[in-house]
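Visitor: In case you want the letters, here they are:
Protein chains: 2
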Amino acid sequence: MINRKYREMLNGKSVIRQLSEFATARGAEIGYENVFDFSLGNPSVPVPQEFNDTMIRLINEAAPTDLHGYSQSLGIPAVRAKIATSLSKRFGLPYTADHIFMASGAAGAIAHAVRCVTEPGDEVLTFAPYFPEYNPYINHSGAVLKVVPPNTKDFQINFEAFREMLTEKVMAVLINTPNNPSGVAYSEETVKKLAEILTEKSEEYGHEIYIISDEPYREITFDNKEIVYPSKFYKYTLSCYSFSKSLSIPGQRIGYVAIHPECPDAKDMVVMCGQISRGIGHNCPTALIQLAVADTCDLTADLSVYETNMNLIYDELKDLGFEVVRPGGTFYIFPKALEEDAKAFCEKALKHDLVFVPADSFGCPGYFRMAYCIETEKVKRALPVIRKFVETEYPNR
Amino acid sequence: MINRKYREMLNGKSVIRQLSEFATARGAEIGYENVFDFSLGNPSVPVPQEFNDTMIRLINEAAPTDLHGYSQSLGIPAVRAKIATSLSKRFGLPYTADHIFMASGAAGAIAHAVRCVTEPGDEVLTFAPYFPEYNPYINHSGAVLKVVPPNTKDFQINFEAFREMLTEKVMAVLINTPNNPSGVAYSEETVKKLAEILTEKSEEYGHEIYIISDEPYREITFDNKEIVYPSKFYKYTLSCYSFSKSLSIPGQRIGYVAIHPECPDAKDMVVMCGQISRGIGHNCPTALIQLAVADTCDLTADLSVYETNMNLIYDELKDLGFEVVRPGGTFYIFPKALEEDAKAFCEKALKHDLVFVPADSFGCPGYFRMAYCIETEKVKRALPVIRKFVETEYPNR
Numbered sequence: 197m198i199n200r201k202y203r204e205m206l207n208g209k210s211v212i213r214q215l216s217e218f219a220t221a222r223g224a225e226i227g228y229e230n231v232f233d234f235s236l237g238n239p240s241v242p243v244p245q246e247f248n249d250t251m252i253r254l255i256n257e258a259a260p261t262d263l264h265g266y267s268q269s270l271g272i273p274a275v276r277a278k279i280a281t282s283l284s285k286r287f288g289l290p291y292t293a294d295h296i297f298m299a300s301g302a303a304g305a306i307a308h309a310v311r312c313v314t315e316p317g318d319e320v321l322t323f324a325p326y327f328p329e330y331n332p333y334i335n336h337s338g339a340v341l342k343v344v345p346p347n348t349k350d351f352q353i354n355f356e357a358f359r360e361m362l363t364e365k366v367m368a369v370l371i372n373t374p375n376n377p378s379g380v381a382y383s384e385e386t387v388k389k390l391a392e393i394l395t396e397k398s399e400e401y402g403h404e405i406y407i408i409s410d411e412p413y414r415e416i417t418f419d420n421k422e423i424v425y426p427s428k429f430y431k432y433t434l435s436c437y438s439f440s441k442s443l444s445i446p447g448q449r450i451g452y453v454a455i456h457p458e459c460p461d462a463k464d465m466v467v468m469c470g471q472i473s474r475g476i477g478h479n480c481p482t483a484l485i486q487l488a489v490a491d492t493c494d495l496t497a498d499l500s501v502y503e504t505n506m507n508l509i510y511d512e513l514k515d516l517g518f519e520v521v522r523p524g525g526t527f528y529i530f531p532k533a534l535e536e537d538a539k540a541f542c543e544k545a546l547k548h549d550l551v552f553v554p555a556d557s558f559g560c561p562g563y564f565r566m567a568y569c570i571e572t573e574k575v576k577r578a579l580p581v582i583r584k585f586v587e588t589e590y591p592n593r
Numbered sequence: 197m198i199n200r201k202y203r204e205m206l207n208g209k210s211v212i213r214q215l216s217e218f219a220t221a222r223g224a225e226i227g228y229e230n231v232f233d234f235s236l237g238n239p240s241v242p243v244p245q246e247f248n249d250t251m252i253r254l255i256n257e258a259a260p261t262d263l264h265g266y267s268q269s270l271g272i273p274a275v276r277a278k279i280a281t282s283l284s285k286r287f288g289l290p291y292t293a294d295h296i297f298m299a300s301g302a303a304g305a306i307a308h309a310v311r312c313v314t315e316p317g318d319e320v321l322t323f324a325p326y327f328p329e330y331n332p333y334i335n336h337s338g339a340v341l342k343v344v345p346p347n348t349k350d351f352q353i354n355f356e357a358f359r360e361m362l363t364e365k366v367m368a369v370l371i372n373t374p375n376n377p378s379g380v381a382y383s384e385e386t387v388k389k390l391a392e393i394l395t396e397k398s399e400e401y402g403h404e405i406y407i408i409s410d411e412p413y414r415e416i417t418f419d420n421k422e423i424v425y426p427s428k429f430y431k432y433t434l435s436c437y438s439f440s441k442s443l444s445i446p447g448q449r450i451g452y453v454a455i456h457p458e459c460p461d462a463k464d465m466v467v468m469c470g471q472i473s474r475g476i477g478h479n480c481p482t483a484l485i486q487l488a489v490a491d492t493c494d495l496t497a498d499l500s501v502y503e504t505n506m507n508l509i510y511d512e513l514k515d516l517g518f519e520v521v522r523p524g525g526t527f528y529i530f531p532k533a534l535e536e537d538a539k540a541f542c543e544k545a546l547k548h549d550l551v552f553v554p555a556d557s558f559g560c561p562g563y564f565r566m567a568y569c570i571e572t573e574k575v576k577r578a579l580p581v582i583r584k585f586v587e588t589e590y591p592n593r
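Line by line, the protein sequences give chains A and B. FYI, the numbering for the first sequence is 197 to 593, going by our numbering. FYI, the numbering for the second sequence is 197 to 593, going by our numbering.
Since the hints were derived computationally from the structure, they do not count as laboratory data. Any given hint could turn out to be false.
Which copy is meant is left open, because identical chains are indistinguishable; a pair holds if it fits in one copy or across any two.
Said to hold, decoys possible - List time: in silico DSS-like cross-link candidates among lysine-lysine, alpha-carbon distance up to 25 Å:
(1) LYS421 <-> LYS349
(2) LYS544 <-> LYS285
(3) LYS544 <-> LYS397
(4) LYS201 <-> LYS431
(5) LYS539 <-> LYS342
Make the full structure from the sequences, and use the hints.
Guide: Right under this line is the structure:
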């Protein structure tokens, strides 16, 4: 008998995936250039040439056993050291190689982090709107994901609801700043207040409450602002990073867990991640890609296009009267739909070949997500289409 | 509170790893060339140049979004198709892309396969001697691994013990041929008898009993013999493959699950593997490496050195009077120790700078494993050292 839980999941296709498939199919009909596909968060800017050059250099020059041999189970030591140095310089925390565990992207990093700081039945809180893949990431570890309702005013944290849900059973809080899908980056005030509450409640409950910080968009911030790095404000933080967006290499599945250097047991927790790997069959990211990101971890692709696109779309949406918070980073924007049912709204948009994602599965009904990791030229062509869609479908607003 | 189960595992270092670390440390003292390190199963022959050339071609020629973009969750369709074609040609079974799930090595493949065909509490049987990593691979999925005692006569299956342990709770049987650590390849007679018993018991119990076939050594067979491919004899078989040994690229973490084309629900099971990935945070092997193995999946590194080494060692061990079964493949040999306590035997060997692994953790006390994936020159130098060790430590045999 095949596993019933996974068999049942066969019917539960993600909305994003369905819409993306629709966009592809529609593109085959009318030309993909005529489908304004804002469904998928797939980086569109090219990888930096230095990354490809580094890979070729490694292939040509590295000893075969270094390049193709087993990586140590926590990651290649020299790679972990380079990443620690880079983080220390940037954020002023004394990371060493011993605080870094190499993982296959943020998904892999979160899978390890959650198993490290929870046991089956423990609760993990996250904040709406949230990335729906957190459900399988967390629930399959045996922990239970609970979602704090959104603060729709500015998409910072709804602290009132958070305090209510932060019971003794909560062992970790999973945050994501800048945020998919809202595009909002947490303010220093928000992160400080979160840290204060967690410190207070950890003491009250007699156990640590960890922050698992999902940071794939750390490098995509707007208005020349640096991310408010959660680890700087709370030592029980596990930063889960991915190079997918910063280097535009999501297919290469590379990231890491960086545990705060002053977190008690930080080094043991990194070794525990190695044990967790054995159980989930992960066993290290690809050696070649580990070595390549070690030499390019201070670079990014040219990410400026995302800010350009954001400004174009934000201005147009405001002009059209949408209720929308200006993103602080990522390549998402998260406006309120023009009717209560965001699914109905998005279905009407589809008739205009505009592919938006209704936010019900992000824990925030009534809103929709636009992923603008597409060419600026196409964004510009989309704006009059959006205007026409709004004027046609919602003439009497 | 950090997870207690994984914290406790911090103390449970693998014997192989400990011995390998000893060999490295001893090598720093006396020169690694003077340590006869038969501990680690790390391929020693170089990757085929075609593999490196293919990677460079892909980096230079593929569109960045093809090369670096997200892979589909089951693997890149063209890669799955090429692997299916290769398997079909070789083994005469009608595999298509829909029967292939790309995974990060055999560890990743087994992690998916076991979750696909078992539910928590179900039993999986394997046969001693067995690869000790099966314990975390299976147990962390929620299933329970039970080990059938060895048939030390020829290291084929101990069918009597197997029949006794094959209760209604058993949902899968995990086999590994050619075998780590025995080096023995199952005969056609063995695989046929296994298939017969499973067919009979599946009917009796009213549920399928799957074979999960761990096949990283499929290409390393001796005496010009082809592997007896389990799927040819039993349609409820999930082949778990790794390119680590065939192409000498263990660091690149690439393999697949190939589900027998006539297995009911085979295609659904492949899609289920994609769902399992979401829960364990795996999300596809590296795109570059997927594309590279697709173009080189019919190649192997020059694996002939392993047979050369095996013959040298086997002949010497026989001449010294060891009880040992001649391997049919892999780069392992599995002699009986010269005293009952194989750990004591291996400790005495260490004094002669011979690093052998006692087989207690392989479920076969009294035996030891030698991994001969080292230079033939070093094997030749090791032979008189082994002779001297035996004559010194066991003079009165």
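Visitor: Decide, hint by hint, whether the structure agrees.
Guide: Hints versus structure:
{"no.": "1", "hint": "LYS421 <-> LYS349", "verdict": "within (21 Å within a copy, 70 Å between copies)"}
{"no.": "2", "hint": "LYS544 <-> LYS285", "verdict": "neither (49 Å within a copy, 49 Å between copies)"}
{"no.": "3", "hint": "LYS544 <-> LYS397", "verdict": "neither (46 Å within a copy, 56 Å between copies)"}
{"no.": "4", "hint": "LYS201 <-> LYS431", "verdict": "between (37 Å within a copy, 23 Å between copies)"}
{"no.": "5", "hint": "LYS539 <-> LYS342", "verdict": "within (23 Å within a copy, 50 Å between copies)"}
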